[in-house]
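Let the sequences and hints guide you as you build the complete structure.
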Amino acid sequence: MSAPLDLPKWADTVLVPAISVVAAFLVAGLVVLAIGENPLTATRYLLQGSLGTGEGLGFTLFYMTDFIFVGLAVAVAYHAGLFNIGGEGQATLAGLGIALVLNNLTFLPGFLLIPLGILGAAAFGAAWAAVPGYLQAKRGSHIVITTIMFNWLASVLIVYLLVNVLREPQSMNPETRAFPEQSYIPFMHDVFAAFGVEIPTSQLNLTLVLALAASYFVWLLIYRSRLGYAIRVVGSNPTAAVYAGISPARIIIIAMVLSGALAGGLAVNELMGYQHRLLLEFTSGYGFVGIAVALMGRAHPVGIILASLLFGILYQGGAELAFEQPAITRDMVVVIGGIIILFAGALDGLFRRAVAHLFARQKLARA
Amino acid sequence: MDLGILVTVLDSALRLSIPLLAACLAGLWSERSGVVDIGLEGKMLVAAFASAAGAYVFGSAWTGLLVGIAASVVIGLVHGFASISQRGNQIVSGVAINMLAAGLTAIVGNAWYGQGGRTPPLEGDQRFGGVLFGHSALVYVVLLAVPVTWFVLGHTRFGLRLRAVGENPAAVDTAGISVTGLRYTAVIIAGVLCGLAGAYLSVGQAAGFLPNMTAGRGFIALAALIFAKWRAWPALGACFLFGLLDASANQLQGLSLPGIGEVPVQAIQALPYLMTVILLAGVIGKAIPPRAAGVPYVKER
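Protein chains in written order, with the numbering used here: chain V, 5 to 371; chain D, 9 to 309.
Please keep in mind that the hints were generated in silico from the structure rather than gathered at the bench.
One should not assume that every hint holds.
Unchecked claim - Over 12 Å on every C-beta distance to chain V, these chain D residues come out as not near it, computed from the model: (1) G12; (2) V15; (3) A21; (4) P129; (5) F141; (6) V160; (7) N176; (8) A178; (9) Q213; (10) F227; (11) S256; (12) N258.
As the list claims (entries may be wrong) - Just the calculated beta-carbon pair ranges, DEER-fashion: (13) M176(V) with G142(D): 34 to 44 Å; (14) P242(D) with G289(V): 28 to 38 Å; (15) A217(V) with F166(D): 54 to 64 Å; (16) F166(D) with M176(V): 51 to 61 Å; (17) F141(D) with M176(V): 34 to 44 Å; (18) N42(V) with A215(D): 33 to 43 Å; (19) R299(D) with G249(V): 53 to 63 Å; (20) N42(V) with G124(D): 16 to 26 Å.
Ideal Cβ positions, reconstructed from N, Cα and C, are used throughout, including at glycine.
So this is what it looks like as structure tokens:
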């Protein structure tokens, strides 16, 4: 876009994102100061609450699982040059897929039902992403606008279904009946207990393993496969892709399908791993956090895992912090997410130029 | 449906369409100059909070409005700085602004008033009262913004330049006119209009701020903007249509239509989003955005 910036690779992939995150935390610290609290005390509560206890760590890793999935979802689309902000809607529909599979196939044993539930999530999430993908590829409708509209359509649809169709007749709450017990993804503390190891009780479940496997899969796909190469070519230069015999339309649809399926992982962790029923607003805005995670992690699976850990710490620590210092509610995490998106995404060039400037001066001094 | 109900529905449709219209016109100004703005929702929310807090502190709705506009313009300038000066990704910046607004209004509101993010209830002069046909002055200001937008954009030299900057900034630059200046002007105008929208919500329609009170109106306004194909009078039509849908959703609840059966409220709520997707897909007509919208302008190329 602007003049090419000569940066060593480590500075480009590690230093610049790190600087933008530090800057984001400084701004967040200013917000904390502005409402009359001490940012250092707040940070201590935050870290203590998220990493200081075994239970806290469990919750941190639980949130991390959510963020890995939505971060990967945004990243895969991003590599194809698409900005999928429909993670919320795709995860919502994935939740519907889970509920339909689990509550209709109650007779199946767990080792069949769990994979089918996960497949249901992936299929419904993928389908909800495929439509905007198709419209972008074939009709040229802007993916950002259509995914926004699909988020709202999903939230309206799920309210309708939970209130009028899927709700249990006796229940007042807009939620489905509980899933069959054999479909629960085992809690980590139960898994460890089976091996005779006692760890603190938390919502953390085996979906974390699935999230890490998905990260490895995405790495293989994007950086080590022919399809991933095609995705990256379409993302960086669609015209060149056509000359290389790659159909951008096909790749766009495939990337969106994969993206939506990955977003479905959020529903797997929240519903099959913890809530054990479909309920309203279980996505809690995590789909948007996925954007922050992907931008911060440079759309690379390793970066996404690290960024997800950071946001896991923020969400769990933020809950503890809100308990200790009621003035700092959990909305603080949303603020930090917003600032990180702004700094690591939109104002990226600002830090990049500053760093490039610094390196150039160093080079001059050495010469 | 008798006449009384019809008047009630049309009246509430007007009320519901005003914030949509102000935000939609904001988007129109911004995008016509080439700056894509999906942060309408966030700016409205910040303005709603700031104007409610301002009206409460100063005891005047009008002062509240000014505070709201100022806050919205500041947020708009952040978006402008990222998208115009830093040539950052305008979509990313918009997403960031929406998140920032949702978090900041809740956290500051809670820290200041300790009522779960709400501002204290406004009464008397702290609110906009009805001045004509039971509607507040803000309603007429926003309605007036339609012909003003139409005239300025379509029939003045400034408007021509602003539109040109959204279609072909290089040509405007060659003519010796500042692309940056025009885009910043558009972003500020968008901020003012979002300020009106937010103030209308918290100081006109309601009596105080509630967390997340915009509830997606910024995105409906975005849909209306596409529906109106980035033009002022059609924007009025689209916003009124969406307002009418919203108003009739309540009336139609539980009503049975022949051949269809009972219409769920959610089906009506989904219509604006669904219609926008269909329009964007080019099934009925084609919505073509300003050509340079979303593209940062780089002089040296």
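Quick rundown of the hints versus the structure:
Annotated as non-interface, G12(D) keeps its C-beta farther than 12 Å from every C-beta of chain V; the closest such distance is 30 Å. Every CB of chain V lies more than 12 Å from the CB of V15(D), the least distance being 28 Å, so the non-interface label holds. Every beta carbon of chain V lies more than 12 Å from that of A21(D), the smallest distance being close to 19 Å; the non-interface claim holds. Separation of P129(D) from chain V is adequate, the least Cβ-Cβ distance of about 21 Å exceeding the 12 Å criterion.
With 12 Å as the threshold on Cβ separation, the claim that F141(D) sits away from chain V holds: the shortest Cβ distance comes to roughly 32 Å. At roughly 26 Å from the closest C-beta of chain V, the C-beta of V160(D) stays outside 12 Å, upholding its exclusion from the interface. The non-interface label for N176(D) is consistent with chain V: the shortest C-beta to C-beta separation is roughly 18 Å, beyond 12 Å. Every C-beta of chain V lies more than 12 Å from that of A178(D), the closest at about 15 Å, which supports listing it as non-interface.
With 12 Å as the threshold on Cβ separation, the claim that Q213(D) sits away from chain V holds: the shortest Cβ distance comes to roughly 21 Å. Remark: the non-interface label on F227(D) conflicts with the geometry, its nearest Cβ contact in chain V lying 6 Å away (cut-off 12 Å). Distance check on S256(D): its Cβ is at least 16 Å (rounded) from any Cβ of chain V, clearing the 12 Å threshold; non-interface status holds. Every CB of chain V lies more than 12 Å from the CB of N258(D), the least distance being 15 Å, so the non-interface label holds.
Taking 34 to 44 Å as the suggested C-beta distance range, the pair M176(V) and G142(D) conforms, at roughly 37 Å. The given range of 28 to 38 Å is respected by P242(D) and G289(V), whose C-beta atoms sit roughly 33 Å from each other. A hinted range of 54 to 64 Å holds for the C-beta pair A217(V) and F166(D), which are about 57 Å apart. Judged by the Cβ atoms, the range 51 to 61 Å given for F166(D) and M176(V) holds: they are separated by roughly 58 Å.
Hint check: F141(D) to M176(V), Cβ distance near 41 Å, so the stated range 34 to 44 Å holds. Separated by about 35 Å at the C-beta atoms, N42(V) and A215(D) satisfy the suggested range of 33 to 43 Å. Checked against the given bound of 53 to 63 Å, the beta carbons of R299(D) and G249(V), roughly 29 Å apart, lie outside it. In this structure the hint that N42(V) and G124(D) lie 16 to 26 Å apart at CB holds, the actual value being about 23 Å.
Violated hints for the displayed structure, listed by number in ascending order: 10 and 19.
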